[in-house]
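Asks: Listed below, chain by chain, are the residues.
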Amino acid sequence: MGKVIYLDNAATTKTAPEVVEAMLPYFTEHYGNASAIYSLGGECKEAMTQARAKIAAALGAKENEIYFTAGGSEADNWALKATAEAYASKGKHIITTKIEHHAILHTCEYLEKRGYEVTYLNVDEFGMIKLEDLKNAIRPDTILISVMFANNEIGTIQPIKEIGEIAHEHGILFHTDAVQAFGQVPINVDELHIDMLSSSGHKLHGPKGIGFLYIRKGVKIQSFIHGGAQERKRRAGTENIPGIVGYGAATKLAVETMIERTKKETELRDYLILRVLKEVPYSRLNGHPKKRLPNNANFCFQFIEGESLLIMLDMKGICGSSGSACTSGSLDPSHVLLAIGLPHEIAHGSLRLTLSEETTKEDIDYTVEAIKGIVEHLRGMSPLYEDFVRKSSHNSNVK
Amino acid sequence: MYSEKVMDHFQNPRNVGEIENASGVGTVGNAKCGDIMRIYLDIDNDGIIRDCKFKTFGCGAAVATSSMATELVKGKTIQEAMEVTNKAVMEALDGLPPVKVHCSLLAEEAIHAALWDYAEKNGIQIEGLKRPKSDIHEGEEDEQEDY
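Protein chains in written order, with the working numbering: chain A, 641 to 1039; chain B, -19 to 127.
With the rest of the complex left out, here is chain A:
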């Protein structure tokens, strides 16, 4: 196989060469434990402080509000479970949405089994929550609102500032899962009234196995991983110094290149969307046409199924993903696509393509041509398409 066109940057990204370079000395030369007294440890502590400062600056936060974790899922688990525990005496009600990542949804289910009540807000056809619904869901015993910044499947960006305002007007903590958004859109935790924010390094060309939870000063949540006194006694475990250094380098890179990079990605994304919708019949864009992540395009192709499409794209060297959870052992289509109101058979035929800075117009052109051929081929063997064509020929007013 020749060139690989990687369009699954929402799943993970290639670690940037600058990031790898920054990390390498912390495996070999500076391998000390950051808690140690000797200077070999001190160097690591200093590197960690610098990385933390870069991340805090990117969010308009203070350094002592950034707590490193092993990734986005840990940060989400921590935020929800620890808030639930710490504020249980105030109430046991949490508000979230139907389109969260499973790190949130499954944690909510876990809490529901332990006596907490969770309201899952609906979203509109674009995947956007309605602020009225949020206001109506608030109760005297609501302790936490957790709404993702941007959706991992369809890319829709929520009205985070307004949500934060509503939360704070009611004295409720506001957590956002910003795993997809951090590094892609500007975030200022004060302006957006965010109390807690989850992020993951490998989504922004950083390493895997490192994430952080931003916890606003004054939020009284306890440790989730018990042990040593690392992370101001809130997250035990010897610090993953190479990961932290890499995350700092990736954040610096993401912030410095954000305007230019996202402008380029947005242009290519819109070019991709335009071509697909124009050239592939019975296709639709999922997610908000404008308020979406700069690198995210998500389509449904009627009458075909996602996994078949992905395998055939892979044979042409194109890496994409599908909302179809077929491969994960579940036969249900994406909960996000069902939440935006798509019927099952259409939700099964989804394709998510997520770009990076390295994506070129040639890549997009090649991909669109591949999609056209594959969709036509799969429709040729689809009984749903056969029925549709038959019905159409009987019924001339069908588009």
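Derived by calculation from the structure, the hints in this document are not laboratory data.
Note that this is a predicted model, so its numbers are computed, not measured.
Keep in mind that the hints are not guaranteed to be accurate.
As a list, the in silico DSBU-like pairs of lysine-lysine whose alpha-carbon atoms are at most 35 Å apart [as the list claims (entries may be wrong)]:
1. A:LYS738 to B:LYS101
2. A:LYS721 to B:LYS12
3. B:LYS67 to B:LYS110
Covered stretches of chain B, going by a simulated chain A footprint (3 or more residues, C-beta under 8 Å) [what the hints assert, rightly or not]:
4. 0 to 12
5. 36 to 45
Ideal Cβ positions, reconstructed from N, Cα and C, are used throughout, including at glycine.
Given chain A's structure and the hints, the job is docking chain B onto it.
Replies: Positioned in the frame of chain A, the structure of chain B alone reads:
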């Protein structure tokens, strides 16, 4: 995740298409699970399956099991076709991942549904054949969207 044979039958599916005035047609599965299979049979007066075609909406395994099932019943008698079980289809494909075993069941059901249609049209009974349980054309409500 798939065997070479599954990939081969997915990439080069045998017997894709329709048969006009087919002796029997069966459609099984549902869009909710993401798999729909339709099998067309052309059966001659001696009860030999002369031709078999399929159309499938579904994952790689669904396409491959349909393709293999059509290969296995072609040229067979009705009774021989009844012996084409999901296990036979799976074995012929060198196995399927556990989450995809249902695809082979669907292939077996699709053949049975097509045979049932043939039996009903001809007013005959086929030994061991039961009414198909998941024919999508029974009570299906169309919720197609406009694009």
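Asks: Hint by hint, say whether it matches the structure.
Replies: Outcome of the hint check:
Annotation: proposed proximity of LYS738 of chain A to LYS101 of chain B is violated, straight-line Cα distance about 48 Å (limit 35 Å). At most 35 Å may separate the alpha-carbon atoms for a hinted pair to count; LYS721 of chain A and LYS12 of chain B meet this at roughly 33 Å. With a CA separation close to 18 Å, the supplied pair LYS67 of chain B and LYS110 of chain B stays within the 35 Å bound. With a threshold of 8 Å between beta carbons, the proposed coverage of the segment 0 to 12 of chain B by chain A holds, since 3 of its residues qualify and at least three are required.
Check result for the segment 36 to 45 of chain B against chain A: holds, 7 residues qualifying (beta carbon to beta carbon below 8 Å, three or more required).
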